[in-house]
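*Asks:* Each chain, letter by letter, is given below.
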Amino acid sequence: MGKQMTEMLKGTLEGIVLAILSGRSAYGYEITAWLRDQGFTDIAEGTIYALLVRIEQRGLVDVEKVPSEKGPPRKVYSLNAQGREYLEEFWRTWSFLAERLEQLRKGGQ
Amino acid sequence: MAAGSNEPKSRYLQYLEIVTGSLEEKKRWRQYKARIKQLPENYRTAVEALERYLMHFGPADGTGAMAMYGDLADLFEQSAADGTPIRDIFGEDPVEFVETFMANYPLGQYRARERNRFTSAIARAAGENTARKDRTD
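Protein sequences, first through last, are from chains R and Z.
Last residue of the first sequence: number 109 in our numbering, and the count goes up by one each step with no gaps.
Last residue of the second sequence: number 1137 in our numbering, and the count goes up by one each step with no gaps.
Just to be clear, a hint being listed does not mean it is correct.
Unchecked claim - To give an idea of the chain R side of the interface with chain Z (calculated C-beta under 10 angstroms), a few residues:
1. Lys10
2. Leu13
3. Thr32
4. Glu45
5. Leu51
6. Val53
7. Arg54
8. Gln57
9. Pro67
10. Lys70
11. Gly71
12. Arg92
13. Lys106
Unchecked claim - Pairs of lysine-lysine residues, derived as DSS-like cross-links and limited to a Cα-Cα distance of at most 27 angstroms, are as follows:
14. Lys1009(Z) / Lys75(R)
15. Lys1027(Z) / Lys75(R)
16. Lys1037(Z) / Lys70(R)
17. Lys70(R) / Lys3(R)
18. Lys1009(Z) / Lys65(R)
19. Lys1027(Z) / Lys1037(Z)
20. Lys1037(Z) / Lys65(R)
21. Lys1009(Z) / Lys70(R)
22. Lys75(R) / Lys1033(Z)
23. Lys1009(Z) / Lys1037(Z)
24. Lys75(R) / Lys65(R)
25. Lys1033(Z) / Lys65(R)
26. Lys1026(Z) / Lys1037(Z)
27. Lys70(R) / Lys10(R)
Because the hints were derived from the structure by calculation, they are not lab data.
Computed from a predicted model, the values in this text were never measured in an experiment.
Ideal Cβ positions, reconstructed from N, Cα and C, are used throughout, including at glycine.
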């Protein structure tokens, strides 16, 4: 994964994480594992954790602490109503951007 | 959280904290340090390097900073329990990670002051009428 990919992901990773959580609730490491499976191999666990802290602070997810056999209790994240609203806005912004870029590529204005 | 931490502080405690800084924050800092001490050595080394960076560029103190160190300890305890390799936590560019992480917490006083000063200097240069906030902050 190149530098360009890293730069582009910076602005979209939050939306990607919310989109993953819109399907089902998940632990932090499940999100990272899913992203790796999809070819986003360079994403740091820490970066995903930082994003989860952020979306939790902003009240976009509900968090449940589940006891674990090894180590501290794990946090399960699920998208709440506010998160769904935010995700819809993300997709609208994304569509706008994608359309404009496609136009640019075709050489139109 | 310890029982009774929401009770109003005694006058003695109020005066004492003027001299010493918040005792609650000191306690949370000690708790954080104790958690880090329990980590396997390579995780501890990594956290201490991160801590040094945060001391320079992150929020210096206050509740926001203590929340940040608490979240940091959560991450590394979890990673140590899972055996997540250090490189997988930090990625190829550790600075990228620490900056993303730090952005979740209030700015340090120094950075906040300079940002305000810069913003209002540009507003003045642009001929906009602004209160000279940078002098009073």
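*Asks:* Would you pick out the hints that fail for this structure and give their numbers low to high?
*Replies:* Per hint list: 9, 12, 13, 14, 17, 18, 21, 23, 27 violated.
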